[in-house]
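Asks: The residues making up each chain are set out below.
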Amino acid sequence: MIVLTDLLLSLTRIRAVAHKEFKELGRDRLTFALVVMVPLVQLLLFGYAINTDVRHVPSALVDLSNTSYSRATAQAVEATQVAQFVMQLHSVEEAEAAITRGDIKAALILPTDFVQRLDTYSPLYKMPERAVPRAVGQWLVDASDTMVASAIRGLRVMPLEEVVGLMPAQQQPSFEMALYFNPEQRTVVNIVPGLLAVILTMTMILFTAVAIVREREQGNMEFLITTPVRSLELMIGKILPYILAGLVQMAIILSLGYWIFAVPINGGIGSLLVAALLFIFASLTLGLLISTVAQTQMQAMQLTIFILLPSILLSGFMFPYEAMPRGAQWLAECLPATHFMRAVRGVVLRAAEVRDLVADLLWLAGFSVVGVMVASWRFHKRLD
Amino acid sequence: MEFAIETDGMTRRFGNLVAVNDLTLRVPTGQIFGFLGPNGCGKSTAIRMLTGLLTPSAGTVRVLGKSLPQKAEEVRRRVGYMTQKFSLYANLTVEENLAFVANIYGMRKREAQQRCRELLEIYDLVERRLQRAGTMSGGQKQRLALATAVIHRPDLLFLDEPTSAVDPENRREFWERLFDLSDRGTTILVSTHYMDEAERCHSLAILQEGRMRAQGSPQQLMKDMGANVVEVDGDDLRALKQRLLQMPEVLSAAQLGTRLRVLVRDRVTDPGAYLRTQTGLERTWELVRPSLEDVFVICTGGSPNDRTD
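Residue numbers (numbering that gives the first Met the number 0), protein chains in the order written: chain A, 0 to 383; chain E, 0 to 308.
These aren't lab readings, by the way, just hints derived from the structure by calculation.
Note that the Cβ used here is the ideal one computed from N, Cα and C, for glycine as well.
Treat the hints with care, since some could be wrong.
[To be verified] Restricting the straight-line Cα-Cα distance to at most 16 Å, the calculated cross-link-like pairs of lysine to aspartate or glutamate (EDC-like) are:
1) E/140 with E/172
2) E/140 with E/123
3) A/22 with E/94
4) E/84 with A/216
5) E/84 with A/221
6) E/222 with E/198
[Unchecked claim] Which bits of chain A does chain E cover? Going by a derived footprint, with three or more residues having C-beta under 8 Å, they are:
7) 8–14
8) 292–301
Take these sequences, add in the hints, and give me the full structure.
Replies: Below is the structure:
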């Protein structure tokens, strides 16, 4: 009986804190706007902007041969849409200078003996004994951006039969390809669910960390500590409104992704909710942990960024997890964002269900439980 | 006599700084007890230890018969605390702040509503009830803070410099409310650096640099201060003050407008005659009633408002 009334009192206090937090959140126009505007703006921005499919690399053409063949080759290159010739230059040195200046990313050199070299590709050509056909030209590439470089590298082998005026030989592919889940290879399909993980990481961690540190900074905490409210109750009460905020953000991101960028939501809403709630919990406890360390709102923000950056760069949002060295993968495994990134892409894109994601979901749940325990142990109801 | 607060050798260090040093207190139940001292004398630290916010570095603390900090949670239900800084939610209205605190103390809806209405009446906040707390004046904020501190009808109320942001008229009114609470049996511990406030307390402890310099009722403290007070007027008081301070029996001399207030050890039976003969000045050396300020000067060697930090 005593346990029951105790529990009821506890719930009353949690409700009081949550109710108060809701009201404060509602009146803090900027924070309220951020809950809605951050996902909206970032989704539109990144959905349109981020594209790993490199096209129209600004390039220069150095056509030293200046024949109809060389012009036809240049046209064939442009027709691939990978490179676009924005200038015509007259020497290799000029091309190098333009690359150094950053005017262009690549330059195609077609040498004076272009036509003789091209001849070796003609089936009528009798190759001398032991000779190897030589390349017809050369690409100079600013390879500092690996994505641009690999796009140009895709032009390394180009069928030149058409240029010589022959029917292109039918090349039989060694393997058939079946591209699942994103057959058109649109980057945005991968970006939208990833963005959900990044935005939730940012807002959920920051909101809780700041909400609690602000309470301390403004002196509310000194009063609250002398009341019967327990630290765990205070934390749960403060977290509840932000769980709702997180779900609102998820709804915004996924529905806009569906309507504007035609990103399908293949999985079930139930699995999605389970994954999202677990991740929101994990991020909120991370925010709580920060709030037990940070003394000011400024420190809370800096600590949030400290976690946000690896969450963006190592979680698999920007760069494939598989491409990272082992050590970095272990580090990434420590971040809740990595696990949610896998889970949400699984649900949204591959229609995975809870049972397919058990490992990641269990990790998130475990993180939350341990996090809340550490946070309420660290959060003394004292000032010293 | 029953004591609401008993401490023995209560001490708190922050690194090398000893904020509260060996404080032994007995606060009788039902009294208004004052901590008087300059800023930085350890008043707030002492109150924070008595409310269980800080753990003492040494010594024992018993509040309402319970040991702190072990029984802090039990004591919390029976204690109210009004912080020095306004610590309610600026974005919430007066009514919402009260309702929040009522719920925190586990009141049921009907009970909470009734108590809030009652407090709005008592603390003259009925017309302000829909106003955001952050937009109110100092006096109104202070009334709201007191209302929330007593919402659960505590047996013991801590007030940390409650009137520092309030004009004198509101201060007087505020003290009327404290006497009302005291009449109903609430023990009140209030810290202040205002003499007029200290004089209203039933009992006082004068603190300086973390140590207790004197304890007793204001009347007792004035009686026992070991000095008589003489006032004199006339020209060139600054030079006279310097001369007086050289004399062995003069503890202090301070100018108050056109008069000089001189504290003379009470082993001098006729201080007026003593000063007249010592200075050779035929002025009116008038024996006056001592004040708490004089007690304070003798206890600490300075005025409470001299130092700010």
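Asks: Look at each hint and say if it fits the structure.
Replies: Quick rundown of the hints versus the structure:
The hinted pair formed by residue 140 of chain E and residue 172 of chain E meets the criterion: a straight-line CA distance of about 14 Å does not exceed 16 Å. Pair hint residue 140 of chain E plus residue 123 of chain E holds up; C-alpha atoms about 11 Å apart against a cutoff of 16 Å. Pair hint residue 22 of chain A plus residue 94 of chain E holds up; C-alpha atoms about 13 Å apart against a cutoff of 16 Å. A hinted pair counts as satisfied when its Cα atoms are at most 16 Å apart, and residue 84 of chain E with residue 216 of chain A qualifies at roughly 11 Å.
For the suggested pair residue 84 of chain E and residue 221 of chain A, the alpha carbons sit about 9 Å apart, so the restraint of at most 16 Å is met. The suggested pairing of residue 222 of chain E with residue 198 of chain E holds, with an alpha-carbon distance near 14 Å, which does not exceed 16 Å. Check on the segment 8–14 of chain A: 4 of its residues sit with their Cβ under 8 Å from a Cβ of chain E, so the three-residue criterion for coverage holds. Check on the segment 292–301 of chain A: 0 of its residues sit with their Cβ under 8 Å from a Cβ of chain E, so the three-residue criterion for coverage is violated.
Hint 8 from the earlier list is the only one contradicted by this structure; the remaining hints agree with it.
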